[in-house]
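Chemist: Given the coordinates of chain Z, assemble chains L and B onto it according to the supplied hints.
Protein chains in written order, with my numbering: chain Z, 333 to 628; chain L, 693 to 764; chain B, 1214 to 1595.
Rather than coming from a laboratory, the hints here were simulated on the basis of the structure.
The model shown is predicted, which means the values in this text are computed figures rather than measured ones.
Worth double-checking, as some hints may not be accurate.
[Unchecked claim] Derived DEER-like restraints, expressed as beta-carbon distance ranges:
#1 726/L - 447/Z: 54 to 62 Å
#2 447/Z - 1451/B: 57 to 65 Å
#3 1333/B - 453/Z: 41 to 49 Å
#4 1451/B - 618/Z: 21 to 29 Å
[Claimed, not checked] In silico BS3-like pairs for lysine-lysine, Cα to Cα no more than 27 Å straight-line:
#5 747/L - 1268/B
#6 1451/B - 747/L
#7 1546/B - 1268/B
[Claimed, not checked] To give an idea of the chain B side of the interface with chain L (calculated C-beta under 10 Å), a few residues:
#8 1281
#9 1386
#10 1394
#11 1408
#12 1440
#13 1457
#14 1465
#15 1485
#16 1489
#17 1499
#18 1540
#19 1563
#20 1593
The C-beta atom is built at its ideal place from N, Cα and C for all residues, glycine as well.
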Amino acid sequence: MASPCELLLEGKGEAALRRGAAAAIAEVRRIESKFSRYLPHSVVSRINAAAGGQALDVDAETASLLDFAASLWESSEGLFDATSGVLRRAWDFGARRLPQPGQIESLLPLVGWRQVEWNGTRIRLPQPGMQLDFGGFGKEYAADRAAGVLLEHGVAHALVNLGGDIHVLGPHGAPGLAGQPWQVAIERPRPGVSGPLATLAIERGGVATSGDYERFFELDGKRYCHILDPRTGWPVCEWQSISVVAANTTAAGALSTIAMLKGAQAVDWLTAQGASWLAVRADGELLRHPPLAGGQ
Amino acid sequence: MKLILLIATAGALLAGCAGFGQVEPWEKGNLAKPSMRFDADPLDARFTQHVYTSKEAASGGAAVGGGGCGCN
Amino acid sequence: MAATERIGGVFAATLLLPGLAAVSTVHAEEPPDQAEIALKYGYYRDWQPGLDRVKVQSPQLYLLTPFAGQWSLEAATVSDSVSGATPRMHTTRSGATPAMSDHRSATDVKVTRYFHRGSITLGGGYSGENDYVSHSQNVEGRWSTEDNNRTWIAGYGHSGDVIDNTGSGGSVENQHRQTRELMVGVTQAATANDVVQAFFTRSMGRGYFSDPYKDFDQRPDSRRASITLLRWNHHLEKYDATVRSSWRYYQDSFGIRSHTLAAEWVQPVGVWTITPGLRYYMQSAASFYYDPVTDAQGVPSSLLTRRYASNLEGYYSPDQRLSAFGAVTASIKVAYAFSEASSVDLKVEQYRQSSGLRFGGGSPYLDPFRASFVQFGVSHKF
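So here's chain Z without its partners, still in its complex pose:
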């Protein structure tokens, strides 16, 4: 994982907690090595290597994740597309350069979950150069799985934080704070003001944030971020950040990613999904649902 990850566990019996933590970390590493497109022997890399060639059999866990990717593609009306990763080649956020003329047009035919041949057991990417990646929900899935492992080890008070994708498993367990929810700070999408954007008191569930500030560059006063619309290949930057609180991290992450892609319709869509969210619009206005009772 490229971003810092931490597990916070509280409770009695240090030896048991350490065993739980070790097992949870092992589970995160297992998922990373199995699904990371950066590792050549991962399932995803092997599927991508076979693009344009043979169909591959996949195991039950991969099948579930592929079904999940399909359902997100439907729920988002095509905006969330696990094959849109190839568009990254057109955008060099490090060099702060717009795509070459014709570059996006040449990549767009390789994008489209509609083309993927997935029958529930065998998967095939029909064109060479097509790429699948689980980046839109992989880290969040790992956070939930890690929490599940901790739960199996009897841990009742923990916070899993994989680079900002958070799963809270029960309230605090340390003396002095027992029973109190964890304080989860939401980062400000723009520098300049110190302190978090908001602090949420969470006892259980998942929190994930999508923002236009993770990878971006600004050119001629316009911001270009890494949230790319799979239909056009261009960034959608109507929101500075969207944070979602859900019963698990995978849902929180998927909802926040799709919301960013929905642009102006983000908050209506999130509310229709029954989600609780906190969002900063491009102009800096902070919105949240449901509204806070009384003061902050």
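Modeler: Okay, now just chains L and B, sitting in the frame of chain Z:
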């Protein structure tokens, strides 16, 4: 009968309040405080309930089957 | 419908992923994290003008412990020592009232099994005095909605009592009484700072309801009661305090109708907690309650009253507890927390009961009644 009507009206008014009963998991910090529980000090409740049951005609209401009192 | 739980959406899709359902739902109730043991010593005394006091000393022991993962056990035992005199007919002085010394011992045990969305509790109890023994059993179930904002409760209880004072020279021998109770209720988290509770109980008793120590006291052999209880806890962010209030309405087939209004202000001050409280109670008289009879000067006369009572038919009772009166309790509790796990507390209450305290007036010619009780307790979690 009047009583049932009163409770029903109160219930309907409360339910109509914006956001009634829709407390999100991250808003439950205050509700988790010990002072917000209904059964905070069981021995205190037992002692005072026994005193009142022996001096007043009314008894019960919060739990079932607490056993009788010899004070008829 | 709570957030993120709409069927057919993104959240529902995540539940199909391996292992996610187990970490995605909130448990309604859980066994307590820690075991707890508490000791409380209660002291009670009451007095009426011209009569000796009744004094009660009441040590209590309490234990709560989780076990076997999804279970918990709760047990309490109390051992009262009662001394002093009890009033005879009404409250008029009737010559020598025998001093009474009594001992009461009561124990109750509850076992709870916790499930994903609720819990079930089975309980049993025993209470014994030298003229009275009671055995009770009860079962209670709780079920919560997915968002844990509403919990439904239903309970059933039964108790069987035996009243017999032949051991101390009385004439009441082996009288029985059975009581069944049914309760339904709901607890609702209303806002981030409010919880409300509504309970409705129906109680049905059959058997011996008379007072074994009273002459001219004849009560029905059944008693049916309906009780409505509303409670509201409100947290005040500004003071970090909680206001607890309740109202109970009781009515039964003896003709008694009563209201109980109570409120407390729980104020933390560092590691201390100060809780002042106020309670107001009022009841109407039982339909078969009879007032004292007065003589020509308008003074209640025990002789005239006895003569009157001896000619009564049907049901009749002079018991002050069945008269119309009001009562006020003022209380203050101070608690000190040594640590997260241990605390000590002291509660002092003053109680005053009189017919004048009832709105609309109460039964005449009854002396006011006062009591004060103190409780001192320590509690430890481990």
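Chemist: Given residue 1489/B as an interface hint, is the shortest Cβ-Cβ distance to chain L below 10 Å?
Modeler: 13 Å, violated
Chemist: Is the interface hint for residue 1563/B satisfied, with its Cβ closer than 10 Å to some Cβ of chain L?
Modeler: Constraint on residue 1563/B not satisfied, violated at 12 Å.
Chemist: Does residue 1485/B pass the interface hint, meaning its C-beta sits closer than 10 Å to a C-beta of chain L?
Modeler: Not OK, violated: residue 1485/B not within 10 Å of chain L, min 13 Å.
Chemist: With 21 to 29 Å as the target window, see if residue 1451/B and residue 618/Z comply at their CB atoms.
Modeler: For residue 618/Z against residue 1451/B, whose Cβ atoms are near 24 Å apart, the range 21 to 29 Å holds.
Chemist: 54 to 62 Å was suggested as the range; check whether the CB atoms of residue 726/L and residue 447/Z agree with it.
Modeler: 58 Å, holds
Chemist: Min Cβ distance, residue 1394/B to chain L: is it shorter than 10 Å?
Modeler: Because about 5 Å separates residue 1394/B from the closest Cβ in chain L, which is inside the 10 Å limit, the hint holds.
Chemist: Does residue 1499/B hold up as a contact with chain L if the rule is Cβ-Cβ below 10 Å?
Modeler: 7 Å, holds
Chemist: So, residue 1457/B near chain L? Judge it on the closest CB pair being under 10 Å.
Modeler: 8 Å, holds
Chemist: Does residue 1440/B meet its interface restraint, that is, does its C-beta lie within less than 10 Å of any C-beta in chain L?
Modeler: 4 Å, holds
Chemist: Does the closest beta carbon of chain L sit nearer than 10 Å to the beta carbon of residue 1281/B?
Modeler: With a minimum Cβ separation of about 22 Å from chain L (threshold 10 Å), the hint on residue 1281/B is violated.
Chemist: Are residue 1540/B and chain L close enough, Cβ to Cβ, to be under 10 Å, as the hint says?
Modeler: 7 Å, holds
Chemist: Does residue 1386/B pass the interface hint, meaning its C-beta sits closer than 10 Å to a C-beta of chain L?
Modeler: 15 Å, violated
Checked against the numbered hints above, the structure violates hints 6, 8, 9, 15, 16, 19 and 20; every other hint is satisfied.
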